[in-house]
Amino acid sequence: MTALIPLPIAIPLLAAAISVIVGRSRQAQRVIGLVALASTTAISIALLIGADRDGILVAQSGGWPAPIGISLVVDRLSGIMLVTSALMLLAVLIFAIGQGGVERQHVAFHPMYLVLASGVAASLTTGDLFNLFVAFEMMLAASYVLITMGGRADQVRSGMTYVVISLVASTFFIVVLALVYTATGTVNFADLAGRIPQLPQGTQVMFAVALLVVFGIKAGLFPLFFWLPDSYPTAPGPVTAIFAGLLTKVGVYAIIRTQTLLFPAEAQLGTLLLVVASLTMAVGVFGAIAQDDMKRILSFHIVSQIGYMIFALGLFTVAGLAAAVFYTFNNIILKTSLLLVTGLVERRGGSSRLSEVGGLVRGAPLLGLMFALPALSLAGLPPFGGFVAKFAVFDAGVQSSEWVVVGVAAFVSLLTLYSMTKIWAGAFWGDPDDRPRQRPDTSDTLGGPALMMASTAAVVVIGVAVMIFARPLYSLSERAAEDLLEPIRYVSAVMGGRP
Amino acid sequence: MKRLLVVDTSVRVVFHSILVLSLYFLFAGHNQPGGGFVGGLTAGAAISFRYVAGGVAEVRRAFPLRPWTIMGGGLLIGVLTAILPILSGNALLEHAAWEADIAILGTVKATSALPFDIGVYLVVLGLILMMFEAFGDDEAIDEAVGASVRGDALEADSVVSDLFELEQIRELQLRRSRRDQL
Numbered sequence: 223m224t225a226l227i228p229l230p231i232a233i234p235l236l237a238a239a240i241s242v243i244v245g246r247s248r249q250a251q252r253v254i255g256l257v258a259l260a261s262t263t264a265i266s267i268a269l270l271i272g273a274d275r276d277g278i279l280v281a282q283s284g285g286w287p288a289p290i291g292i293s294l295v296v297d298r299l300s301g302i303m304l305v306t307s308a309l310m311l312l313a314v315l316i317f318a319i320g321q322g323g324v325e326r327q328h329v330a331f332h333p334m335y336l337v338l339a340s341g342v343a344a345s346l347t348t349g350d351l352f353n354l355f356v357a358f359e360m361m362l363a364a365s366y367v368l369i370t371m372g373g374r375a376d377q378v379r380s381g382m383t384y385v386v387i388s389l390v391a392s393t394f395f396i397v398v399l400a401l402v403y404t405a406t407g408t409v410n411f412a413d414l415a416g417r418i419p420q421l422p423q424g425t426q427v428m429f430a431v432a433l434l435v436v437f438g439i440k441a442g443l444f445p446l447f448f449w450l451p452d453s454y455p456t457a458p459g460p461v462t463a464i465f466a467g468l469l470t471k472v473g474v475y476a477i478i479r480t481q482t483l484l485f486p487a488e489a490q491l492g493t494l495l496l497v498v499a500s501l502t503m504a505v506g507v508f509g510a511i512a513q514d515d516m517k518r519i520l521s522f523h524i525v526s527q528i529g530y531m532i533f534a535l536g537l538f539t540v541a542g543l544a545a546a547v548f549y550t551f552n553n554i555i556l557k558t559s560l561l562l563v564t565g566l567v568e569r570r571g572g573s574s575r576l577s578e579v580g581g582l583v584r585g586a587p588l589l590g591l592m593f594a595l596p597a598l599s600l601a602g603l604p605p606f607g608g609f610v611a612k613f614a615v616f617d618a619g620v621q622s623s624e625w626v627v628v629g630v631a632a633f634v635s636l637l638t639l640y641s642m643t644k645i646w647a648g649a650f651w652g653d654p655d656d657r658p659r660q661r662p663d664t665s666d667t668l669g670g671p672a673l674m675m676a677s678t679a680a681v682v683v684i685g686v687a688v689m690i691f692a693r694p695l696y697s698l699s700e701r702a703a704e705d706l707l708e709p710i711r712y713v714s715a716v717m718g719g720r721p
Numbered sequence: 262m263k264r265l266l267v268v269d270t271s272v273r274v275v276f277h278s279i280l281v282l283s284l285y286f287l288f289a290g291h292n293q294p295g296g297g298f299v300g301g302l303t304a305g306a307a308i309s310f311r312y313v314a315g316g317v318a319e320v321r322r323a324f325p326l327r328p329w330t331i332m333g334g335g336l337l338i339g340v341l342t343a344i345l346p347i348l349s350g351n352a353l354l355e356h357a358a359w360e361a362d363i364a365i366l367g368t369v370k371a372t373s374a375l376p377f378d379i380g381v382y383l384v385v386l387g388l389i390l391m392m393f394e395a396f397g398d399d400e401a402i403d404e405a406v407g408a409s410v411r412g413d414a415l416e417a418d419s420v421v422s423d424l425f426e427l428e429q430i431r432e433l434q435l436r437r438s439r440r441d442q443l
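Residue numbers (our numbering), protein chains in the order written: chain A, 223 to 721; chain B, 262 to 443.
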């Protein structure tokens, strides 16, 4: 089983290499991409099952034992995230193939997408702070290319913001990394977990805050989210979907991993996280209300939703962390499906601006259904998966008597529902106020090309499956949370019993 | 493109010695300063000489393989050396070393880190080739520069305004293709 651990990183990278070589044949690139991501998905599922059954799986790369070599670790949290991300990457690739567009025009789309997949898997499996930096860089380098693909002036402009802010974050990350290494003499997570508690408490808190800032920029926490709603919407449709669904949540994963594993209870940033979470939730949702463009509304909601995950994390209880894990993977699925539907709306209505599209439900009822299910789930209406996730967060908050934050979260929920009904009323009901800038494409009876519809439907169905299997999935999240609150399990699995 | 005899000749002399130096860096990298990345960059410096001397055509003549083939091949070699140990039941990236006595060279140590470094070398080389491919040649700019060097301001001006029109036509084409795309 441990031999499988490096494969979600290695297979997409190998496929990217072959994809570059066969660049002239788009058909070959497609086959390679699909085969690679499908096998990654299968391996990820096997890893999650293995980690759930046998406990934490560890592979030491190069055969060097723990603090010397780079450890690759799959525990339940990593496993859940791996499976979710692999499924989304596969679905979005199918969507991109169906859409044509950048996928057909650019030889670099497939290789870069695969490098992105590899970087995501590397971020999720690494047990080493420096390796996490490398994995982030892989992800970012690929995302720089993907976000500006198409080369429109507005893309390059907002791409610049994205590149600059990511470079600033990376620079800060490497500085923090150097400080951590100077203070402790190691970058291995498990080793750090033993050595950071020996540092003076002020230093510990400084490291905790510094790492929160580094990953907060990536995750889009208040007040570091400002780049996000500006740069994501201009990317090509499928790229926006995968960035919105996945990349910010990889940042959230890194926050959860570092805050729970590396720092002892007295250096944990409980209150700070709760304050940041409330502000992130509120500012994100208020930003969304002011927008007219579907992609921009949903981008602001990414920020707002991140707040819920950080709120649940900030409680540092089993219930809270279980809620955070459940909320995170559920949100990846919802956000991806909503933005895929937006891509379809843009194609069918000629625009993603609510003032320029309207009445889509008449010609394409299926599109309306595929929007309604994840939208209601995102707003937290029962019986959807989003309700379970939100209920878990509220329940955990109430157990810890964090009434103010629970109140903010409930209020933000209402505003989320308002935003979703606004999109529904604007895009699916009524008539457009202005003419769309592009010609609407209403040739398909279904609402879009079959591949795009099928892949979007698949993600929506996965979202519905979360609702149906909410109970086993929640208890899996709970087991993951128990692991997170017992860092000793992680440490002893990686270090092989040595302190 | 106007070729300069002095540049052409000196590049011909220097080019191969720099390539040999880059190979030395590649092989020495295991125990001494150097390695695939440094070697690749050195080879890139050699290519830049060819580019300066004769433009993209000259670079293509120096490396008949297409840049993406070199880059993809390098990445492929790198990833394969990482994965192969797993197939034989070892850890990812696990390396082996061999020593052999070879006539003249003496004892030679070879490690499986070398293929990985070769992969890195090829990726860097491919990337640099791709960059020069992207820079390309701009005949019109050359003409304008040439004219202004000759002191022919009028001709330089007309070429520059041609360039301007060319740019506008390109912009229009780009817009049209984008509209088709969407």
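Everything labelled a hint here was simulated from the structure, so no lab data went into it. Mixed in with the good hints there might be a few duds.
Claimed, not checked - Sample of chain A residues with no beta-carbon within 10 angstroms of chain B, all distances over it, derived:
no.	residue
1	GLY245
2	LEU399
3	GLY590
4	PHE613
5	TRP651
Claimed, not checked - Stretches of chain A that chain B covers, calculated by requiring three or more beta carbons in the stretch to come under 8 angstroms of a beta carbon on chain B:
no.	stretch
6	552 to 560
7	691 to 698
Just so you know, even glycine gets a beta-carbon here, dropped at the ideal spot from N, CA and C.
Going through the hints against the structure:
no.: 1; hint: GLY245; in the structure: violated, 5 angstroms
no.: 2; hint: LEU399; in the structure: holds, 20 angstroms
no.: 3; hint: GLY590; in the structure: holds, 23 angstroms
no.: 4; hint: PHE613; in the structure: holds, 41 angstroms
no.: 5; hint: TRP651; in the structure: holds, 25 angstroms
no.: 6; hint: 552 to 560; in the structure: violated (count 0)
no.: 7; hint: 691 to 698; in the structure: violated (count 0)
Consistency with the previously given hints fails for numbers 1, 6, 7, ordered from lowest to highest.
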